[in-house]
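J.: Here are the chains, one letter per residue:
Protein chains: 4
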Amino acid sequence: MSNNSYGKAFTISTFGESHGPGIGVVIDGCPSGLELDMDKIRLEMQRRKPGQSRLTTQRKEEDEIQILSGVFEGRTTGTPLCIFIPNENQKPKDYAHLEQTFRPSHADFTYQTKYGIRDFRGGGRSSARETAARVAAGAVAKQILETAGIKILAYVQQVGFIQVEKSYQELNLELTESNDVRCPDPETALQMEALIDTVRKEKDTIGGLVRCICTGVPVGLGEPVFDKLHAELGKAMLSINAVKGFQIGSGFSSLGMRGSEHNDEFYSENGQIRTRTNHSGGVQGGISNGEDIYFDVAFKPVATIMQDQNSVDADGNPVIVEGKGRHDPCVLPRAVPIVEAMAALVLVDFWLRNRMTKL
Amino acid sequence: MSNNSYGKAFTISTFGESHGPGIGVVIDGCPSGLELDMDKIRLEMQRRKPGQSRLTTQRKEEDEIQILSGVFEGRTTGTPLCIFIPNENQKPKDYAHLEQTFRPSHADFTYQTKYGIRDFRGGGRSSARETAARVAAGAVAKQILETAGIKILAYVQQVGFIQVEKSYQELNLELTESNDVRCPDPETALQMEALIDTVRKEKDTIGGLVRCICTGVPVGLGEPVFDKLHAELGKAMLSINAVKGFQIGSGFSSLGMRGSEHNDEFYSENGQIRTRTNHSGGVQGGISNGEDIYFDVAFKPVATIMQDQNSVDADGNPVIVEGKGRHDPCVLPRAVPIVEAMAALVLVDFWLRNRMTKL
Amino acid sequence: MSNNSYGKAFTISTFGESHGPGIGVVIDGCPSGLELDMDKIRLEMQRRKPGQSRLTTQRKEEDEIQILSGVFEGRTTGTPLCIFIPNENQKPKDYAHLEQTFRPSHADFTYQTKYGIRDFRGGGRSSARETAARVAAGAVAKQILETAGIKILAYVQQVGFIQVEKSYQELNLELTESNDVRCPDPETALQMEALIDTVRKEKDTIGGLVRCICTGVPVGLGEPVFDKLHAELGKAMLSINAVKGFQIGSGFSSLGMRGSEHNDEFYSENGQIRTRTNHSGGVQGGISNGEDIYFDVAFKPVATIMQDQNSVDADGNPVIVEGKGRHDPCVLPRAVPIVEAMAALVLVDFWLRNRMTKL
Amino acid sequence: MSNNSYGKAFTISTFGESHGPGIGVVIDGCPSGLELDMDKIRLEMQRRKPGQSRLTTQRKEEDEIQILSGVFEGRTTGTPLCIFIPNENQKPKDYAHLEQTFRPSHADFTYQTKYGIRDFRGGGRSSARETAARVAAGAVAKQILETAGIKILAYVQQVGFIQVEKSYQELNLELTESNDVRCPDPETALQMEALIDTVRKEKDTIGGLVRCICTGVPVGLGEPVFDKLHAELGKAMLSINAVKGFQIGSGFSSLGMRGSEHNDEFYSENGQIRTRTNHSGGVQGGISNGEDIYFDVAFKPVATIMQDQNSVDADGNPVIVEGKGRHDPCVLPRAVPIVEAMAALVLVDFWLRNRMTKL
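Chains as they are written, first to last, in the numbering used here: chain W, 10 to 368; chain Z, 10 to 368; chain G, 10 to 368; chain Y, 10 to 368.
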């Protein structure tokens with residue numbers, strides 16, 4: 010069953026485990042004729058890869074991409090585009106102690122019970138390494154969207170209780186890449202970095218919020234009633250490891266508002282129908298309305314901590330899970346390109362589907 | 010394209026507009042052999058229908074259901090089960106003034122632009138009336154889940170700033186249906202009702218939060234990596250009209266926690282592996298872990314208010330949208346059965362899909 | 010599971026049993042803006058309906074269509090279009106004797122075993138009455154294709170051993186509707202009619218071949234590698250009741266040819282690349298090449314005969330199945346609009362999907 | 010769009026071009042817990058590979074398989090199983106002359122027109138090399154089916170006008186692999202081989218018929234009304250390169266029979282309900298009835314001949330396509346494992362889907 014596929018028009022299917030030969034993705038439905046910029050794909054891979062700063066895991070993975078199909082003389086051919094990312098730097102023996110142990114708040118127990126077997130090395134299929142394949146596919150999607158003037162920019166809005174106080178409109182989003190934490194507000198970035206440093210020293214982890222802004226989205230993307238634009242964005246984000254919540258536009262803060270305050274008044278500007286406010290977050294009735302799309306993705310503190318924890322083995326016997334290995338104290342900086350990738354995959358899918366709307 | 014379908018194993022397809030002949034749903038993949046209890050379906054329809062209390066719209070719709078196929082001598086046959094709910098009490102002329110007007114924060118503008126045409130009577134396809142079909146299908150799903158010991162109970166957790174302070178474990182969820190607002194905490198219910206009354210008198214609307222609890226879910230439901238259980242729950246909830254946010258387990262509150270605090274410690278109890286806390290919300294790695302599944306759904310204040318509002322017509326000319334008709338000041342009470350229905354549809358889909366997991 | 014749906018872009022889902030309330034179809038993905046000609050739909054229903062001539066069953070069914078959704082002021086809105094055809098003239102007691110009996114070469118035994126229950130009245134879901142829904146949906150598809158200059162014409166090529174000797178190019182296909190058997194060769198038609206009369210008097214049934222021609226199909230329809238145009242045509246045809254074989258272009262006769270004879274030579278005519286022969290049947294590599302698409306569909310003699318037959322009941326006990334009721338001695342005349350409908354559904358699906366091919 | 014995927018429960022997605030890095034397949038939905046026998050996969054690859062006898066192309070390709078994911082310690086894990094087959098022995102310069110030329114009855118013209126670009130080296134995506142991925146996936150499917158006692162055996166029934174006169178029941182199907190042409194009737198095999206030799210010397214090609222027998226299939230596989238067992242078999246077979254026709258059971262020969270002759274009488278034998286004849290080919294109403302499933306697949310003479318042919322280039326100018334390279338004079342011997350693979354993929358998909366039928 011296509012459990013490992015996403016998208017109806019631009020369909021990606023990912024495969025691979027964290028400690029097998031590699032991770033890959035097949036894109037079926039990539040339009041033909043795109044001049045594929047490999048450097049742009051590599052750039053996104055760099056943004057996601059481990060070991061990129063002191064804030065992230067110190068594992069080194071180069072994440073070299075190999076195009077196995079679907080590109081000819083630099084252009085997409087309309088046939089399935091397969092990208093493969095070989096695993097390297099594997100230390101399987103690091104994981105031998107996990108064969109019989111269920112790490113707290115990991116997928117060990119549920120995978121073992123559901124499938125009756127699991128690749129216990131580093132999480133196997135449930136490892137966030139799978140998101141490397143998403144980022145590669147998303148980098149292709151982004152290039153398609155660029156041809157339509159659609160841009161996607163995410164940043165770290167919050168780490169623990171430290172958050173950016175400014176709205177996204179008040180920020181210079183080009184600064185996002187200027188610091189290791191990927192927060193476009195330099196002062197807040199410094200505080201976040203300090204907090205992550207503290208947390209790492211405490212051998213603990215911490216969560217946060219990624220905010221994502223999509224600009225240039227034309228009116229009409231999204232397919233009610235089930236495949237509403239924000240419903241698919243929600244699913245796509247919630248399918249990322251460690252995500253516990255999603256909100257679009259006013260989101261949970263809409264609870265404190267009255268309808269008369271929340272409604273976005275229409276007006277006309279240069280022949281274009283716009284809204285004066287954007288509590289809707291750029292989506293009305295499940296369809297983009299031409300305003301900026303913005304949404305938040307909540308990441309829990311990651312489950313792998315450098316402390317001993319109580320747990321059980323497969324027989325239910327008490328065990329101690331030791332904290333060891335090289336892991337992220339906070340995934341937020343590396344989550345930014347993943348959120349962008351998933352947003353790009355949602356938008357490119359609807360952008361293609363929208364071609365079939367009218368006679 | 011199956012934009013109006015949900016579910017891969019238990020697939021529902023809804024059709025119908027608010028002011029056409031009726032609303033319906035086709036269920037493809039309903040297992041054969043279910044003794045269908047029509048009263049249980051009718052009960053859910055009653056919980057959703059307008060005019061059920063002074064807190065909701067005063068429109069009267071009986072929402073009689075007709076089974077058009079798939080049931081023989083009281084049992085499901087495994088063929089498509091179509092349920093049709095004729096519309097009644099239609100007053101199309103009430104909507105003539107909307108032909109050329111885009112109501113703020115409704116789907117009028119986006120539908121008109123996307124499709125080049127729209128049934129402007131009462132929202133047409135974008136009307137929340139479509140959820141009647143979901144509730145009918147969900148009532149079938151619930152009956153299947155009951156055979157497996159799975160129960161779904163939702164309630165109103167918050168209206169405006171008034172919220173239930175107790176956790177769901179501290180509440181008697183059987184009290185949910187004891188008041189019009191569907192809040193199992195009687196005192197809070199009274200406050201919510203008073204607030205809704207106030208808001209209605211102010212010709213305004215207000216939003217809130219529905220909390221949903223699924224008990225008896227076996228380990229193993231959910232299909233990583235994209236069709237994670239909570240990702241599908243998120244999509245399903247976000248596809249309901251007026252929903253702006255979703256969180257599962259600790260959700261957004263996980264941001265304030267450290268990993269060492271957030272992790273759910275495993276232990277063994279009577280041969281069953283359990284977790285001492287449940288910040289995960291019953292889902293780990295996208296798969297149910299046997300604990301209660303609980304999540305929140307944020308509803309914005311509905312867009313239809315009884316006040317005049319500035320807007321534009323299709324040509325961009327300024328118009329005044331008058332506030333008239335019979336509408337809900339707060340959809341939360343009626344949203345409870347809709348949330349339950351969508352949760353049931355997600356769970357029954359995964360419950361069937363899980364049959365294919367192991368050799 | 011979407012077992013009762015066909016098409017990825019223009020998705021139809023049929024529901025209904027032969028002796029329940031009615032038969033219906035939901036079309037999801039019908040483009041907005043089509044001026045729907047109801048008379049054209051009714052005409053196709055007339056071509057399929059029973060009792061239209063002495064060659065078919067004498068059951069009278071009017072097959073009135075009801076549009077339940079998706080059309081507003083005569084035009085499609087892009088929302089699901091539901092068409093319902095109430096059943097009438099039901100005589101369920103005619104079928105009481107079948108409750109415990111498996112009719113030879115019908116679906117009684119397989120449905121009963123697979124589902125553990127079946128609506129035994131007149132075949133229930135397995136009845137060819139379900140094709141009424143396909144014809145209705147196909148009539149919508151045809152109208153869309155007409156806007157693109159695509160036409161679909163089928164006719165009866167063979168009944169028993171009597172076949173049209175001329176190629177389709179030598180025939181005037183406008184004569185197809187001029188006789189009850191739907192054969193555009195008037196002399197052959199007379200022979201076919203005589204044969205069917207004979208077969209009916211013998212209380213027996215007979216099969217035959219429908220040939221279908223699609224003209225005006227642009228280059229580019231069909232989606233390799235699995236969704237090849239002729240593969241989908243094959244599936245669509247084989248999903249029609251009583252079909253046992255399918256061939257496209259040279260089909261089975263290609264076995265007697267050498268490659269040098271079979272290959273279709275390209276040439277250029279008025280700037281268009283054409284083929285001198287068309288053994289390919291208008292499809293190369295699974296994609297339409299602009300030439301006529303033509304294919305054959307083999308229908309077995311229908312299983313319901315007016316003779317007593319040996320069979321067993323559900324317990325395996327020998328029983329006699331009596332030949333009674335009102336049935337077709339030969340379904341070929343009524344199969345013509347069904348073949349056309351399924352061809353239209355395949356083509357419209359690919360026509361829409363092709364919009365997503367190129368950047 | 011999932012054009013390159015097949016199957017709803019056991020979903021395969023193939024990728025790769027004939028002269029790119031390789032060909033691969035991702036299986037999503039492979040049940041966990043299968044002890045994967047790599048030798049059985051290799052055996053099937055050997056049966057399909059070029060250069061295996063003088064009857065086939067003399068290209069040498071080893072078709073080594075690499076498991077990239079989804080298998081752990083020899084067993085399937087329920088996660089996507091990716092198999093990759095690197096291309097070797099590529100001589101791209103052999104194809105430079107095809108850049109601007111459309112080979113007759115190949116997919117060059119349709120791919121170029123549909124996509125605006127094509128990998129012209131050896132057919133690229135439209136090459137029958139893609140079937141290597143199908144055979145690999147089919148070899149996994151076969152192993153699953155074996156656990157349920159289901160076997161699939163195909164053989165060459167006809168080459169040109171030379172055909173096996175015996176029914177499949179009269180043949181010893183274990184002899185199929187005893188000769189290069191894969192015909193279980195030794196005498197006919199010799200005639201076929203002689204014919205193929207002749208055709209090759211004439212620098213021409215010839216087609217034929219593969220017959221396939223599936224035994225041990227339980228009652229209940231197949232999902233009406235669109236996903237009928239024989240409809241999916243038809244689609245699967247027609248999606249194989251060079252296939253022009255499909256028939257099941259009596260097939261086209263049913264045209265010469267009366268219903269009273271064609272109907273398969275039920276009887277009971279040792280508590281099992283059986284049919285005395287099997288004109289139905291093991292499928293009734295789209296569902297397997299427990300009898301042998303048998304069907305025929307018609308292959309045209311392959312388009313690549315060793316003769317000069319007239320054609321045009323992309324601008325419509327006349328060109329001569331030279332006959333060169335190493336190609337099959339008759340694909341039938343190598344088509345046998347491909348037909349078996351596709352049949353296995355259809356059956357395993359329905360075998361899994363059938364688990365969801367009953368409550």
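Quick caveat, the hints were computed from the structure, so don't treat them as lab data.
Misleading hints may appear alongside valid ones.
A pair holds if it fits inside one copy or across any two, identical chains being indistinguishable in the list.
[To be verified] Only pairs whose alpha carbons sit at most 30 Å apart, straight line, appear in this in silico DSSO-like list of lysine-lysine:
no.: 1; residue 1: Lys49; residue 2: Lys333
no.: 2; residue 1: Lys49; residue 2: Lys367
no.: 3; residue 1: Lys212; residue 2: Lys160
no.: 4; residue 1: Lys367; residue 2: Lys69
no.: 5; residue 1: Lys333; residue 2: Lys58
no.: 6; residue 1: Lys210; residue 2: Lys58
no.: 7; residue 1: Lys160; residue 2: Lys367
no.: 8; residue 1: Lys210; residue 2: Lys367
no.: 9; residue 1: Lys69; residue 2: Lys49
no.: 10; residue 1: Lys333; residue 2: Lys175
no.: 11; residue 1: Lys367; residue 2: Lys212
no.: 12; residue 1: Lys212; residue 2: Lys49
no.: 13; residue 1: Lys212; residue 2: Lys333
no.: 14; residue 1: Lys58; residue 2: Lys175
no.: 15; residue 1: Lys212; residue 2: Lys58
From a predicted model like this one, the values you see are computed outputs, not experimental measurements.
J.: Each hint: holds or not?
T.: We went through each hint and held it up to the structure:
In this assembly of identical chains, the alpha carbons of Lys49 and Lys333 never lie at most 30 Å apart, being 34 Å within a copy and 41 Å across copies at closest. Within a single copy, Lys49 and Lys367 get their C-alpha atoms only as close as 33 Å, which misses the 30 Å cut-off; across copies the closest is 21 Å, which meets it. When the C-alpha separation of Lys212 and Lys160 is checked against a cutoff of 30 Å, the pair qualifies neither within a copy, at 37 Å, nor between copies, at 39 Å. Proximity of Lys367 to Lys69 under the C-alpha cut-off of 30 Å is found in neither arrangement, the shortest distances being 49 Å within a copy and 35 Å between copies.
For the homomeric pair Lys333 and Lys58, the shortest alpha-carbon distance inside one copy (20 Å) is at most 30 Å, but the shortest distance between copies (48 Å) is not. When the C-alpha separation of Lys210 and Lys58 is checked against a cutoff of 30 Å, the pair qualifies only within one copy, where the shortest distance is 22 Å, while the shortest distance between copies is 56 Å. Taking the shortest alpha-carbon separations for Lys160 and Lys367, both the intra-copy value of 25 Å and the inter-copy value of 21 Å come in at or below 30 Å. In this assembly of identical chains, the alpha carbons of Lys210 and Lys367 never lie at most 30 Å apart, being 58 Å within a copy and 43 Å across copies at closest.
Proximity of Lys69 and Lys49 under a CA criterion of 30 Å is satisfied intra-copy only: 20 Å inside one chain copy versus 38 Å between copies. Proximity of Lys333 and Lys175 under a CA criterion of 30 Å is satisfied in neither setting, with 38 Å inside one chain copy and 38 Å between copies. Taking identical chains as interchangeable, the C-alpha atoms of Lys367 and Lys212 are never at most 30 Å apart, the minima being 56 Å within one chain and 38 Å between chains. In this homomeric assembly, Lys212 and Lys49 never come within 30 Å of each other (Cα to Cα): the closest approach is 35 Å inside a single copy and 49 Å across copies.
Taking the shortest alpha-carbon separations for Lys212 and Lys333, only the intra-copy value of 10 Å comes in at or below 30 Å, while the best inter-copy value is 59 Å. Taking the shortest Cα distances, Lys58 and Lys175 sit within 30 Å of each other inside one copy (28 Å), while across copies they are farther apart (42 Å). Within a single copy, Lys212 and Lys58 get their C-alpha atoms as close as 21 Å, which meets the 30 Å cut-off; across copies the closest is 53 Å, which misses it.
The structure is inconsistent with the numbered hints 1, 3, 4, 8, 10, 11, 12, although it conforms to all the rest.
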